[in-house]
Every structure is written in C-alpha cells, then in structure tokens.
Amino acid sequence: MKKITGAQAFIEALRCEGVTHAFGYPGGAVLDIFDAIMDARDIQFILSRHEQGAVHAADGYARASGRVGVCLVTSGPGATNTVTGIATAYMDSIPIVVFTGQVPTHLIGNDAFQEADIVGITRPCTKHNYLVKDVCDLGRAIKEAFYIARTGRPGPVLVDLPKNVMNSTVNFKYPDSVSLDSYCPTYKGHQGQIRRIMGVILKSRRPVIYAGGGVTLADASKELAEFARKMKLPVTTTLMGMGAFPSGDPLSLGMLGMHGTYAANMTVTNSDCLIAIGARFDDRVTGKVDEFAPKAKIIHIDIDPTSISKNVKVDLPVVGDCRMVLRGMLAELAGKDGDLAEMIAQTETWRREIDTWKEQQPLKYCKSEIIKPQYVIEMIDEIAPDDTIITTEVGQNQMWTAQFYKFKEPRHFLTSGGLGTMGYGFPAAIGAQAAFPGRTVIDIAGDGSIQMNIQELATVVQYNLPVKVMILNNGYLGMVRQWQALFYKKRYSHTSMAVSPDFVKLAEAYGAKGLRVTRPEDVKDAIRKALEIPGPVFVDFVVDPEEDVYPMVPAGAPINNMLLV
Amino acid sequence: MRHAISVYVDNQAGVLSRVVGLFSGRGFNIESLSVAPTLDPAKSLMVITTTGNEQVLEQIKKQLNKLINVIKVVDCADREYVEREMILVKIKAEKETRAEVLRIADIFRAKVIDVSPKSYTLSLTGDKRKLEGFVEILTPIGIIDFVRTGTVVMEREMQGRRKLP
Numbered sequence: 001m002k003k004i005t006g007a008q009a010f011i012e013a014l015r016c017e018g019v020t021h022a023f024g025y026p027g028g029a030v031l032d033i034f035d036a037i038m039d040a041r042d043i044q045f046i047l048s049r050h051e052q053g054a055v056h057a058a059d060g061y062a063r064a065s066g067r068v069g070v071c072l073v074t075s076g077p078g079a080t081n082t083v084t085g086i087a088t089a090y091m092d093s094i095p096i097v098v099f100t101g102q103v104p105t106h107l108i109g110n111d112a113f114q115e116a117d118i119v120g121i122t123r124p125c126t127k128h129n130y131l132v133k134d135v136c137d138l139g140r141a142i143k144e145a146f147y148i149a150r151t152g153r154p155g156p157v158l159v160d161l162p163k164n165v166m167n168s169t170v171n172f173k174y175p176d177s178v179s180l181d182s183y184c185p186t187y188k189g190h191q192g193q194i195r196r197i198m199g200v201i202l203k204s205r206r207p208v209i210y211a212g213g214g215v216t217l218a219d220a221s222k223e224l225a226e227f228a229r230k231m232k233l234p235v236t237t238t239l240m241g242m243g244a245f246p247s248g249d250p251l252s253l254g255m256l257g258m259h260g261t262y263a264a265n266m267t268v269t270n271s272d273c274l275i276a277i278g279a280r281f282d283d284r285v286t287g288k289v290d291e292f293a294p295k296a297k298i299i300h301i302d303i304d305p306t307s308i309s310k311n312v313k314v315d316l317p318v319v320g321d322c323r324m325v326l327r328g329m330l331a332e333l334a335g336k337d338g339d340l341a342e343m344i345a346q347t348e349t350w351r352r353e354i355d356t357w358k359e360q361q362p363l364k365y366c367k368s369e370i371i372k373p374q375y376v377i378e379m380i381d382e383i384a385p386d387d388t389i390i391t392t393e394v395g396q397n398q399m400w401t402a403q404f405y406k407f408k409e410p411r412h413f414l415t416s417g418g419l420g421t422m423g424y425g426f427p428a429a430i431g432a433q434a435a436f437p438g439r440t441v442i443d444i445a446g447d448g449s450i451q452m453n454i455q456e457l458a459t460v461v462q463y464n465l466p467v468k469v470m471i472l473n474n475g476y477l478g479m480v481r482q483w484q485a486l487f488y489k490k491r492y493s494h495t496s497m498a499v500s501p502d503f504v505k506l507a508e509a510y511g512a513k514g515l516r517v518t519r520p521e522d523v524k525d526a527i528r529k530a531l532e533i534p535g536p537v538f539v540d541f542v543v544d545p546e547e548d549v550y551p552m553v554p555a556g557a558p559i560n561n562m563l564l565v
Numbered sequence: 001m002r003h004a005i006s007v008y009v010d011n012q013a014g015v016l017s018r019v020v021g022l023f024s025g026r027g028f029n030i031e032s033l034s035v036a037p038t039l040d041p042a043k044s045l046m047v048i049t050t051t052g053n054e055q056v057l058e059q060i061k062k063q064l065n066k067l068i069n070v071i072k073v074v075d076c077a078d079r080e081y082v083e084r085e086m087i088l089v090k091i092k093a094e095k096e097t098r099a100e101v102l103r104i105a106d107i108f109r110a111k112v113i114d115v116s117p118k119s120y121t122l123s124l125t126g127d128k129r130k131l132e133g134f135v136e137i138l139t140p141i142g143i144i145d146f147v148r149t150g151t152v153v154m155e156r157e158m159q160g161r162r163k164l165p
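So the sequences go chain by chain: A and B.
Be aware that the first sequence starts at 1, since it is given in our numbering, and climbs by one per residue.
Be aware that the second sequence starts at 1, since it is given in our numbering, and climbs by one per residue.
Treat the hints loosely; a few may be bogus.
What the hints assert, rightly or not - Reference listing, derived: stretches of chain A covered by chain B, where coverage requires no fewer than 3 residues with Cβ under 8 Å from a Cβ of chain B: (1) 110-124; (2) 271-280.
As the list claims (entries may be wrong) - Cut-off 20 Å, straight-line C-alpha distance, at most; resulting in silico cross-link-like pairs (SDA-like, lysine to any residue): (3) LYS408/A x PHE436/A; (4) LYS310/A x GLY25/B; (5) LYS128/B x GLY25/B; (6) LYS143/A x ALA4/B; (7) LYS72/B x ILE383/A; (8) LYS62/B x PHE23/B; (9) LYS408/A x ARG439/A; (10) LYS310/A x MET1/B; (11) LYS61/B x SER182/A; (12) LYS310/A x LEU22/B; (13) LYS66/B x PRO124/A; (14) LYS43/B x ALA141/A; (15) LYS61/B x THR186/A; (16) LYS230/A x MET324/A.
What the hints assert, rightly or not - Calculated from the model, a selection of chain A residues having no Cβ within reach of chain B, i.e. all distances over 10 Å: (17) ARG41; (18) THR306; (19) TYR492.
Honestly, the hints are just simulated from the structure, not real lab data.
Cβ atoms here follow ideal geometry from the backbone N, Cα and C, with glycine treated the same way.
Bound-form chain A, shown alone:
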C-alpha cells in the first residue's frame, strides 16, 4: 500500500463515495486539500463567492438530485459562515457533508489565527459531526459522515479537518462498511401496526392524507399517488411536500397551514382520520395545536421516532421509511376489495363536500394595471418546461410560488421550509443547475431576499450556469410588511427597501443579462426571452407593492380561522 497525504486520502474518499461535484471556498487551513483538488479532474469544484452560498448550493444539489451534497471551506470565518446553510439543511433533513479546515491540532484551543470551535458551534444543528485528530481516523470519519447524512432521517454532517492531519501521510484504505452500534434507523414499519392503521382508514368516513417532505426524501411519491388514488383519499401537502403528490390531481388540495388553501384547512379541521406521512406537525401547519384536526384519529408515519407525538398527540404511530410503509399499506389492501369499495362509497359525500370548499374559495387574486406577483408565477408555470426546477427565497415570493405554481413532480421545488432562510434560493439554484446542466432552473425571488446572497452572480457567470432569477420587486420585505399591516397598525418599521440596486445594471455589471418588466402585458414575453438567453438572467418584475398573501391564518389561531382575499 502506497503512502499518501491526508489531503490525497480525502480526495480518494470522495471518489469512493461517488462524489462528482463539490462547492466551496479556499483558505489557509485547507491549502493542502485545495492543492490535491487541482489534480482531481473527475470532481467538478464550484467556487462560490461566500461560504453560505457554497452550503446552500450543496443543499440545492442534494434536494434536486437525491445525492449527498458536498461542501469544503476553510477554518474560522469560513467555517462559521456555513452555519446558516447547515441549520437550513438540518431543519429540512437534507443530506450534505460539510468539510471545514481547522488549525493544526497542537494549536487547537490556543485562540490561533482563524480558529473557531466549529464542532462545538454546529453540534445543535448537525445530525452529527467529527473532529479528525489523527489521519488514521480520516477514512472512517468520512465513511460514517456520508452514511449518517443519507440514511435514516437525512441531515447535514460536518467533518473538521486540522491542517497537520491533512498534510501528514497515511497508508490509506477507505473502509468498505460502517459499524455504528448506536445508529440503526428503522426502515420497515411494524406489520401489526400497519394492519391496525389500514383498519382505521377503511372505517373512516372523512379521511385525508397530510404529506410532507419525508415522502420526497424517501422517494415515495409513486407509492403515495397509488395509495391515494386506490383509496380515493384527498391529499394535502406541506410546503416541503409540494410536488410529492401532483397538484393537478383531482384529489389534491394543495398546501395546508398558515397560507394553505381554504379547502385543505377545512378538510383537515373536519376530518375524522388524518394520515400524516413524512410530516412533522410544524407550527406553521397546525396553527393552534389544540384545535388542529380536533375530530380526527391521527395516524403518523415517520422515520424519526422523535417526530411522533412531539407537537400533536398521535393515536397510531408507525416508525419507518415512508416508501416501505406505504408499500406495506398497499399490500394490506389485498383481498379487501369489498371493504375498499364500501369505504369509497361511504366517503363519496366527504369528497363532494371538499369539492364545494374548493369551488367556494379557490386561490385567487385581483388583476390590475400593475403586475401582480401571482400572475408572474402563473406565467412562469405556463411557459417553463415540465422538468423545470424552481427554487425560492423566503417570504411572500415563497408562499405565492407554493400556491400558484402547479408542481407535478417531487424534487422540482427547492425551498427553505423549516429555517426560512432568506438568500437560500439563488445559491440552491446553482447547486440544482450543477446537478442538471440541461434543465431549466429558476429562482423566484424577492427584492429583499435576493440581496442576501447576490454575490453568487459571479459564480453563475464564471461557470456559465444559466440560472434564471425572477425578482418579484415590491420594494418591501413583503411578508414582514404584511404582518405589520395586519397586526401592527400599518407601522412599517424598517421593512421598506427604500434603496435597492438597479438589478438590471447589477446583473450586467457581473456579466449576466438583466431584464425589467413594468407592465402585465410584457410579463410573458420577458419570461420567454429569459428562458431563451443561454446564460444566467435576472428579470426584475416591478410588482404591486401592497399585494399580500391570502388565505392567511394569524399565528396561533386554529387553521380554519382564515383571512381570505
């Protein structure tokens, strides 16, 4: 066995994990690794302009492709700049591995130059993390990091690499397997419990499925659609679950919760059997917990035992992988055609009632002389190809996209759901575009959010990543302004973006293209033009500054208590 350096061993380990893309930013503590990366032609390295951008890009890459995203940054400020990105991935259960440089082991704890205790800092926002103190442990740590990131409930793992570890030599062999006694996620659901659940669903009269991001993470969309259609169960999804069930399906209710549809919230509130699949009863979904699905028996399928009965008391839990459990549930239907037919007949009135809610209060907005942001999203949906990947920033742009873009497939909608990270969408689009160079990738942004990682314009230009950024420019931090309007007597404290750059000129300054649209009749042409331009484009849509997101459930109110348009 040939002796190689820790840095070369690191590259070997990435190869063994099948890594083809990495995002990051160099610095003093990772010079050895970057020197080795120069020779690794099979790994495409994308240099971001800020470490936060690199982590979000790795996250977007992971969400779009289903593979583990990889990020490499230096010690100290390089490492601390990744924290928001790591916390974002943690909240949404996204598999990424973040490698940080560290000062040499003999300087750790000495307040050395560019030293930060990043393992300590990220303990609460990683699934697990490592400080590799000996080059002999490097292979095992990396193997475990990837394994932990992608298995069970996925999540970010950080590996801290001191400089002297990376330039010392080792007889390197990447481990074939992982032995972690204390970590063995449950994939297969309890058979008896699955049978009991099916018994309850077959006897229910007002059932509804509440599907979350876990369905996408488990690649269980096909099984979900088959299950829902076979049993004619209406389906509402969380923000993270958008696309896990096709929104055009007659059984689809759209999103539920604070900005959910009237039909979804009414259905959940009146249901007698709520089937939660890969969702975690977030407060933005439940509103007032005591009045969430008050009449329903609650079934909860989740791979993470801690999600069960955390916020809402669950009647029938199943710990397991969404896909395997759904398959088990489908298998339970064998030989029960009579019961199924009976159930479908008995739930006919329920579905008619739901259709009435849909007709009474569809998602809507008033057209006018000024561009309405919802209209821009509808037109993007109409014009963009079917396999388009949409990312969003956070705020009104995100909610309108969830409401008005008709997602048909999983992994087509990348958004920061749990942490709500402004500045996520643009770098995430970079990651998605790197994973799928041939597909259209669009970031639907606000004028506030886009400025949080605007520096990544240089990245898209440098690597010719043809990301399209559609800015819904209302001159405000719109979602915060909306709350101020509704609950703070229209006192718009510091939510006006009184000074913003000229986004067209800014894009041009970086070497990208910029377009501006001020009239509704020009919206479609601008979108078409942006998609035709081969490189990255910013489109600045000057939209109605006072438009709000409706329906809206005030924070802490029950979800059937909606403010409508």
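For chain A, the structure is supplied; the task is to place chain B on it using the hints.
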C-alpha cells in the same frame, strides 16, 4: 414526575456536551447528572435525573436515542433499581453543638471525614430522600456548605420483588 435515566454513551470527547446541549437546547430540565467510565472502558454511563410530564419524558428518551454516540437509554422508572447519592456537609460544630452533630451523624450512619475546632465535615450515602432529611435536620445547627454527587442507579438483579430503599 422525577425520573432517573441511565444513558450509555461512547467514551469520547464531546459526548457530554452533546447530551447536555440537547437538554438545554430543547428546554428539558436536568436535576442531577453524574458521568463515569463503565466496566467497558469504551463506554461511559451518564445517570441523569430529570422531571417532566409523560410526553416530555418520552421526548427526552427519544431525543437521547437519536444522538449518534448514545448506545442505550434506560428509564429506571420502568425497572426496579437501587439509587444512591453521596453528600459532604461542612457544619458548624462549636462547644455546645459538637456532641449533637455527632449524634445526628450516628443516627444517619454518616462519617466524619474532616475535623476542625469549629466544624465537622460529614459524608453520607443514601437515596435522595435520606440526604434531604439529613440536610433538614442539620440546618438549624448551621450548615456552612454542602456538595452532592448526583444520583447513581443500578438495576436490581432480581426484578419483581418488593422495592427496598
């Protein structure tokens, strides 16, 4: 409700911080905590006594199990177990109270482990209630300071018998 939870963990740097960080980050309460290596030097045992309703305790156990370095979590409330804690008490012992302090120490089977002209230091082992009773009795005499180790527990070898203190 008070529960003693035994947490078997990898004997590695940073594991205590993961466990303690979990409690503070999620707003769980730690009443006492003791940590030491076990018979298998690769593992450590943490005994955490905590309080909370059923739902909170369930979350605590599940969240602990979710930590990668946690090998096993045992809630002693589900088992029969013996519980001990040690206390060192430094107490004023001047002419008129010296004999009284020794009498109390004798009743509780405490040991005198340090003596000075104006004080005794006593050590006592027992369960939480015994220690608290000891402190209560000594308080009027004048406790200068005390220090407690936190509870340690061990499952009873023969389950299903009458619980002994």
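What are the numbers of the hints the structure violates, in ascending order?
Structure breaks hints 2, 5, 6, 7 and 18.
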